[in-house]
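As you go down the protein sequences, you meet chains A and B in turn.
Read in the numbering used here, the first sequence has 38 at position 38, and its numbers run on one by one without any break.
Read in the numbering used here, the second sequence has 1139 at position 139, and its numbers run on one by one without any break.
Check before you lean on any hint, since a few could be wrong.
To be verified - Simulated restraints on C-beta separations: (1) A:Met-1 with B:Ser-1127: 16 to 24 Å; (2) A:Asn-40 with B:Ala-1101: 44 to 52 Å; (3) B:Gly-1039 with A:Glu-42: 26 to 34 Å; (4) B:Asp-1097 with A:Val-48: 45 to 53 Å; (5) A:Ala-32 with B:Ser-1049: 43 to 51 Å; (6) A:Thr-26 with B:Gly-1051: 36 to 44 Å; (7) B:Ser-1127 with A:Pro-19: 40 to 48 Å.
Claimed, not checked - Covered by chain B, according to a simulated footprint, are these stretches of chain A (three or more residues, beta-carbon under 8 Å): (8) 4 to 17; (9) 38 to 45; (10) 48 to 62.
As the list claims (entries may be wrong) - Residues from chain B that keep clear of chain A, each with C-beta distances beyond 12 Å, as calculated: (11) Ile-1005; (12) Ser-1027; (13) Thr-1065; (14) Thr-1067; (15) Ser-1073; (16) Thr-1088; (17) Ala-1098.
Just so you know, these hints were derived from the structure itself, not from any lab.
If you're wondering where the values come from, they're calculated on a predicted model, not measured in any experiment.
Don't be surprised by glycine CBs; every beta carbon is placed ideally from N, CA and C.
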Amino acid sequence: MRIIYETSDGGVAVIVPAPEYLLTHTMEELAAKDVPAGANYEIVEDSVVPSDRAFRGAWTWA
Amino acid sequence: MATIINADTSDGLKLTSDTSGQIDFQSAGSTKATIDTSGNLKFDSGYGSVGTAYGCRAWVNFNGTGTVAIRDSGNVSSITDRGVGQYTVNFATNMPDADYAVHGSGKLADATNYGRQLYPTGTFTTSSCQFTAAISTASPVDLLHCCAIFTR
């Protein structure tokens, strides 16, 4: 699982959880801690995030 | 003064206690490690005398390109992929202040181009630290492997 959120400049940041942390915490708890306050975010499957980063800078929040 | 646990070479284990609150670990009457009343762990380990051990409070090794993923870590809740060559390390347990020391390193490919820089950028905070991967002042690049350690 990943957490994606909208950055202040309209881009997209991706939070990659540490496996160790998820042994004792949920993704929702991680989002509450590591997503900047007020940012729109969504918890998604790994496959939602493209592995092709050729245009990483062009990713936008839709 | 201290409570002493001594591995004596002739009498075996010897215990001496007092009310100082400090613990000394000795070998043949020579102090090899100490936990003082402030909670500082001090050890010798070839240093010549006991000195305070300043611990690595967090560390992470992660893949910085393709499917970004943490390979392994300690005291890290997550990393944030903020864009090409731009990452944030988020701590599981916050640092006591923002005056910790940081070291980052990385490499661009499996067999070549070692020694790429992963350097801290932005303001250190107690909960996270931002990094940029680049070659000198060139534009940020994604690194195959990224490593960061935090000492406090």
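(request) Of all the hints given earlier, name the ones this structure violates by number, lowest first. (result) Hints 2, 3, 4, 7, 9, 13, 14, 15, 16 not satisfied by this model.
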